[in-house]
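Chains S and C, in that order, are what the protein sequence lines are.
With the working numbering applied, the first sequence covers 42 to 158.
With the working numbering applied, the second sequence covers -7 to 105.
I should point out that these hints are in silico values taken from the structure, not numbers from a laboratory.
The C-beta atom is built at its ideal place from N, Cα and C for all residues, glycine as well.
One thing to keep in mind: the hints can contain errors.
[To be verified] Partial list, derived from the structure: chain C residues whose beta carbon lies under 10 Å from chain S:
(1) Ala6
(2) Gln29
(3) Ser30
(4) Gln36
(5) Phe56
(6) Phe61
(7) Thr95
(8) Arg101
(9) Val104
[To be verified] Beta-carbon label-pair distances, calculated as ranges:
(10) S:Gly84 <-> C:Gln9: 15 to 25 Å
(11) C:Ala48 <-> S:Lys44: 25 to 35 Å
(12) S:Ser82 <-> C:Ile4: 11 to 21 Å
(13) C:Gly8 <-> S:Met52: 20 to 30 Å
[Stated by the list, open to error] Listing some non-contacts, in silico: residues in chain S with all C-beta distances to chain C over 10 Å:
(14) Lys44
(15) Thr46
(16) Ser83
(17) Glu85
(18) Ser106
(19) Asn117
(20) Ser123
(21) Gln145
(22) Ile147
(23) Ile155
(24) Ile156
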Amino acid sequence: AQKITQTQPGMFVQEKEAVTLDCTYDTSDQSYGLFWYKQPSSGEMIFLIYQGSYDEQNATEGRYSLNFQKARKSANLVISASQLGDSAMYFCAMREGQRDSNYQLIWGAGTKLIIKP
Amino acid sequence: DSGVTQTPKHLITATGQRVTLRCSPRSGDLSVYWYQQSLDQGLQFLIQYYNGEERAKGNILERFSAQQFPDLHSELNLSSLELGDSALYFCASKRDRAGYGYTFGSGTRLTVV
Chain S
42 AQKITQTQPG
52 MFVQEKEAVT
62 LDCTYDTSDQ
72 SYGLFWYKQP
82 SSGEMIFLIY
92 QGSYDEQNAT
102 EGRYSLNFQK
112 ARKSANLVIS
122 ASQLGDSAMY
132 FCAMREGQRD
142 SNYQLIWGAG
152 TKLIIKP
Chain C
-7 DSGVTQTPKH
3 LITATGQRVT
13 LRCSPRSGDL
23 SVYWYQQSLD
33 QGLQFLIQYY
43 NGEERAKGNI
53 LERFSAQQFP
63 DLHSELNLSS
73 LELGDSALYF
83 CASKRDRAGY
93 GYTFGSGTRL
103 TVV
């Protein structure tokens, strides 16, 4: 069965430092995708970044990058130059398969990130 | 504004009651997904609709049902509510391209008392 593991329940990071949030996954599929979402205290779920299993380069979106190590089945989120507004829950999620209209996301338990001023 | 509209934002109801949660997907998105986020079980997929048809079911209780209408909005019906049904219910929509993440609505926070 597919599984997402986020081993860090919580993290404290000093403002302006880089932070790495860990995510490992387990799947037997060759085609899959990995997502990171941010959930602030207000509750909404905000899409951050996506990495496809066949993508040769690590995904980047502004201050967010995904450190994709396929052989190790890890997809860590790196936030550069952290800001106070980055304080939130962060979820790693995975979808399997290629049929875009027929899959759902499997979620990790999340990591609560707190940025200290 | 993500483009996915969920109503109501908050709902407080008593055990045994029935409620309906509504979701309007982002313009152009054919798929609607419902997720439940609770403290003890985290985020769980409930059900997916694609262009009016049910496509996948997850951990959805028999007391729960959903549908997607011709205008693509979706409703999640929760009946015989129990205290354990208290959770944040998200609707998400998606375009049919692998590289795009779901777009989530702001959620409906259901409290069963």
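### Query
Any hints this thing doesn't respect? Which numbers, in order?
1, 3, 5, 6, 9, 11, 13, 16, 17, 21, 22
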